[in-house]
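Chemist: Spelled out from the first residue to the last, the chains are:
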Amino acid sequence: MMFAAIEVGKHFYWQVGNLKLHGQVLIVSWVVIGVLAIATALASRNPQRVPGGFQNLMEYALEFVQGIAKEQIGAKEYRNWTPFVGSLFLFIFVSNWLGILVPWKLIELPEGELAAPTNDINTTVALALTVSVTYFWAGLSRKGLRYFERYVQPFPVMLPLLVLEDFTKPLSLSFRLFGNILADELVVAVLVLLVPLIVPLPLMVLGLFASAIQALIFATLAASYIGEAMEDHHEEEHGEAQHA
Amino acid sequence: MSIHWTIFASELAKELAGEGGHRGFGLNPNILETNLINIVIILGVLIYAGRGLVGNILQQRRQTIETAIVDAESRQQGALAALAEQQQKLAQTQVECERLLAQATEDAKRAREEILAEVDRDIARLREAAEREIASEQRRVGEQLRRQAVEQALAKVAAHLERGVGADAQYQLLDRSIAALEKGASS
Numbered sequence: 009m010m011f012a013a014i015e016v017g018k019h020f021y022w023q024v025g026n027l028k029l030h031g032q033v034l035i036v037s038w039v040v041i042g043v044l045a046i047a048t049a050l051a052s053r054n055p056q057r058v059p060g061g062f063q064n065l066m067e068y069a070l071e072f073v074q075g076i077a078k079e080q081i082g083a084k085e086y087r088n089w090t091p092f093v094g095s096l097f098l099f100i101f102v103s104n105w106l107g108i109l110v111p112w113k114l115i116e117l118p119e120g121e122l123a124a125p126t127n128d129i130n131t132t133v134a135l136a137l138t139v140s141v142t143y144f145w146a147g148l149s150r151k152g153l154r155y156f157e158r159y160v161q162p163f164p165v166m167l168p169l170l171v172l173e174d175f176t177k178p179l180s181l182s183f184r185l186f187g188n189i190l191a192d193e194l195v196v197a198v199l200v201l202l203v204p205l206i207v208p209l210p211l212m213v214l215g216l217f218a219s220a221i222q223a224l225i226f227a228t229l230a231a232s233y234i235g236e237a238m239e240d241h242h243e244e245e246h247g248e249a250q251h252a
Numbered sequence: 105m106s107i108h109w110t111i112f113a114s115e116l117a118k119e120l121a122g123e124g125g126h127r128g129f130g131l132n133p134n135i136l137e138t139n140l141i142n143i144v145i146i147l148g149v150l151i152y153a154g155r156g157l158v159g160n161i162l163q164q165r166r167q168t169i170e171t172a173i174v175d176a177e178s179r180q181q182g183a184l185a186a187l188a189e190q191q192q193k194l195a196q197t198q199v200e201c202e203r204l205l206a207q208a209t210e211d212a213k214r215a216r217e218e219i220l221a222e223v224d225r226d227i228a229r230l231r232e233a234a235e236r237e238i239a240s241e242q243r244r245v246g247e248q249l250r251r252q253a254v255e256q257a258l259a260k261v262a263a264h265l266e267r268g269v270g271a272d273a274q275y276q277l278l279d280r281s282i283a284a285l286e287k288g289a290s291s
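Chains A and B supply the protein sequences, listed in that same order.
Using this note's numbering, the first residue of the first sequence is number 9, and each one after it goes up by one.
Using this note's numbering, the first residue of the second sequence is number 105, and each one after it goes up by one.
Be careful, since some hints might not be right.
Unchecked claim - Pairwise CB distance ranges (calculated):
1. E189/B with G82/A: 41 to 51 Å
2. I151/B with Q56/A: 37 to 47 Å
3. V58/A with L204/B: 42 to 52 Å
4. E189/B with A220/A: 48 to 58 Å
5. E157/A with A188/B: 52 to 62 Å
6. A188/B with F62/A: 36 to 46 Å
7. F62/A with E202/B: 58 to 68 Å
Derived from the structure by calculation, the hints contain no laboratory data.
All of these numbers come straight from a predicted model, not from anything done at the bench.
Every residue gets a Cβ at the ideal spot worked out from N, C-alpha and C, and that includes glycine.
My request is simple: use the sequences and hints to build the entire structure.
Modeler: Next comes the structure, spelled out in structure tokens:
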């Protein structure tokens, strides 16, 4: 028989002042940021007119995230928000995939284990809160205080619901991502524990697929919230229902 | 929450890793526990399948960009050629313009000179005619004056004659006339 252990809820704590930081999350986040930064630097180091090889790949990725932003925010305004939406997508996507494709367990920490940063609720809440702040900012910078008209726009009766929505948006965003990634990692870990070879493979493939979809959903919803906040005509919720 | 599955051999794992209650940093040498084989397999499949798929997409994208660039370049060439042609035409037109302007100036100058010369001629002719007229008028007035003088003299003479000429005076007059006739005949 094999021997293995699954550790959940154990963290490699770093004490900074009064804060206890989850070191394993930060380490892998830095790796992800590093991968993205190096990839970007490599792709843009020697730009060719006809993009070849890696530059081509990264340009394709850029066009993809531009497409997400454009689709949700509209061709007129999307340029300002592409960096934000693109960063969200790329960070989450690379986090998720590196979590699956890098054998992090080869490295032992004093406590906890290295994994995708998105399997920690703190990461996803932080990402979701940046989305909240950003769509408020987008709306306020576009319409000023008239932004708040949208809370009473169709009928003032909707006010409580629409206020509630501002809280449910980051909640659903963060829990969706966190839950999907953590669940996938747990399932794979349990299967690895029980049957180490071959059997976890389909679930890992499923995990690759699901985590890519999760990154797409997160970025799309973020863009959709931003677009919604900047919209002139009030329109209810077109993102959430489709993707949930 | 803290879920902790432990199979009997986890104690063994700790022993292998040489740890007490608390682990340090290190490498986990257990291939199965670290899921390394599965990850290698899945990476292999990803690279094998992804290479074709992503490669195709990238190839297509590259081709699209290439054709777009070639297209744009050829259109730029065409535009440049057209520009050069039009510029040449413009230069030609300018040359033509200058030629026409010079010719027009020349024509204008010639016409001006012709007109001036003609006017000069006219002036001369008019002056000449005026002078001739003045001369003839002078002559006419002179003749008239002379005739008037003669008529007055004749009238005076007739008046004198009517008053009668004395015998002495008649003789005297005859003598003087004869003498004048003789002088005229001798000379």
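Chemist: Confirm or reject each hint.
Modeler: Against the structure, the hints:
1. E189/B with G82/A: 41 to 51 Å: 43 Å, holds
2. I151/B with Q56/A: 37 to 47 Å: 24 Å, violated
3. V58/A with L204/B: 42 to 52 Å: Between V58/A and L204/B, where Cβ atoms are some 51 Å apart, the hint holds.
4. E189/B with A220/A: 48 to 58 Å: Given a distance of about 54 Å, which is inside 48 to 58 Å, the answer is holds.
5. E157/A with A188/B: 52 to 62 Å: 58 Å, holds
6. A188/B with F62/A: 36 to 46 Å: Given range 36 to 46 Å: holds, Cβ gap about 40 Å.
7. F62/A with E202/B: 58 to 68 Å: 59 Å, holds
Comparing the model with each numbered hint stated earlier shows that hint 2 is the single one that does not hold.
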